[in-house]
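Colleague: Given chain A's structure and the hints, the job is docking chain B onto it.
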Amino acid sequence: QKEVEQNSGPLSVPEGAIASLNCTYSDRGSQSFFWYRQYSGKSPELIMFIYSNGDKEDGRFTAQLNKASQYVSLLIRDSQPSDSATYLCAVNIGGGGNKLTFGTGTQLKVEL
Amino acid sequence: GAVVSQHPSWVICKSGTSVKIECRSLDFQATTMFWYRQFPKQSLMLMATSNEGSKATYEQGVEKDKFLINHASLTLSTLTVTSAHPEDSSFYICSARAGGDYEQYFGPGTRLTVT
Chain A
1 QKEVEQNSGP LSVPEGAIAS LNCTYSDRGS QSFFWYRQYS GKSPELIMFI YSNGDKEDGR
61 FTAQLNKASQ YVSLLIRDSQ PSDSATYLCA VNIGGGGNKL TFGTGTQLKV EL
Chain B
1001 GAVVSQHPSW VICKSGTSVK IECRSLDFQA TTMFWYRQFP KQSLMLMATS NEGSKATYEQ
1061 GVEKDKFLIN HASLTLSTLT VTSAHPEDSS FYICSARAGG DYEQYFGPGT RLTVT
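Line by line, the protein sequences are chains A and B. Here our numbering is used: the first residue of the first sequence is 1, the next is one more, and so on. Here our numbering is used: the first residue of the second sequence is 1001, the next is one more, and so on.
In case anyone wonders, no lab produced these hints; they're calculated from the structure. We put the CB at the ideal spot given by N, CA and C, even for glycine. Certain hints may be false.
Some chain B residues flagged as far from chain A (calculated, every beta-carbon gap over 10 Å) [claimed, not checked]:
no.	residue
1	1012
2	1013
3	1014
4	1022
5	1104
6	1115
No farther apart than 30 Å at their CA atoms in a straight line, the calculated lysine-lysine pairs in the BS3-like style are these [said to hold, decoys possible]:
no.	chain 1	residue 1	chain 2	residue 2
7	A	42	A	2
8	A	42	B	1014
9	A	42	B	1066
10	A	109	B	1041
11	B	1066	B	1041
Okay, the calculated beta carbon distance ranges per label pair [what the hints assert, rightly or not]:
no.	chain 1	residue 1	chain 2	residue 2	range
12	A	77	B	1012	41 to 47 Å
13	A	42	B	1013	19 to 25 Å
14	A	55	B	1017	48 to 54 Å
15	A	67	B	1085	40 to 46 Å
Bound-form chain A, shown alone:
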């Protein structure tokens, strides 16, 4: 079982719709959770992070964390074509070094 799993997609949504991206993780001791956006040929950029159960909102983005079910999701409201990218879920599994373990990413396509 992979430590961090994401559906590779592509996930296609129409412009203006809500895009829902999901991520599950295997280690119950995971402390912190991150969503990164990566455009093709570019490096990842941090969208937001969440540490506590529940929702965290930042503009059009909402991260949701459910530690009991071991999943974290990212909602993008009013999706725009510029949101088309690969979204990487990263989890701080714990242990030494505070390393992040990345999922393989979900490709999002926002269509006009």
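Modeller: Relative to chain A, chain B alone:
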């Protein structure tokens, strides 16, 4: 804030030569820097973790004698790919973390092509 730069952004080298990549945190002190490698259509794979003033910790399967990492100051880490081969061609990305923060900020990446 939280800007990380990398240099060079791309490099082409011949097989057998060495290449050095620099990673700098521009507006914060990075106690820890990470080096990743990403092959096309794959996710990021952590190569090593470096803390300022100490030896890097390499992930399993990463040759420490081939990928030399130096974290000489709180704002600079370097990755040297020694005796590069075509299979080392990849997108190398560094990230930096400040103090007790968990989030990592990524540099723009360096695309290495070994011919």
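Colleague: State for each hint whether it applies.
Modeller: Each hint, compared with the structure:
The non-interface label for residue 1012/B is consistent with chain A: the shortest C-beta to C-beta separation is roughly 16 Å, beyond 10 Å. Even its closest Cβ contact with chain A, about 20 Å, leaves residue 1013/B beyond 10 Å, as expected for a residue assigned away from the interface. Residue-level check passed: residue 1014/B sits 24 Å from the nearest beta carbon of chain A, beyond 10 Å. A cut-off of 10 Å between C-beta atoms confirms that residue 1022/B is not in contact with chain A; the least separation is 15 Å.
Not every CB of chain A is more than 10 Å from the CB of residue 1104/B (nearest about 6 Å), against its label as outside the interface. Taking the minimum C-beta to C-beta distance to chain A, about 20 Å, the non-interface status of residue 1115/B holds against the 10 Å cut. For a cut-off of 30 Å, the pair hint linking residue 42/A to residue 2/A stands: about 25 Å separates their Cα positions. A threshold of 30 Å between alpha carbons decides the hint, and for residue 42/A with residue 1014/B the separation of about 24 Å falls inside it, so the pair holds.
Distance restraint check for residue 42/A and residue 1066/B: the Cα-Cα separation of roughly 25 Å lies within the 30 Å cut-off, and the hinted pair is therefore satisfied. Among the hinted pairs, residue 109/A with residue 1041/B is consistent with the structure: their alpha-carbon atoms are about 16 Å apart, no more than 30 Å. Straight-line distance between C-alpha atoms of residue 1066/B and residue 1041/B comes to about 24 Å, which keeps the hinted pair within the 30 Å bound. In this structure the supplied range 41 to 47 Å holds for residue 77/A paired with residue 1012/B, their Cβ-Cβ distance being about 43 Å.
Between residue 42/A and residue 1013/B the beta carbons are some 22 Å apart, a value that agrees with the proposed interval 19 to 25 Å. A beta carbon spacing of about 51 Å between residue 55/A and residue 1017/B agrees with the range 48 to 54 Å that was offered as a hint. At roughly 43 Å, the beta carbons of residue 67/A and residue 1085/B sit within the given window of 40 to 46 Å.
In this structure, only the earlier hint numbered 5 is contradicted, and the remaining ones agree with it.
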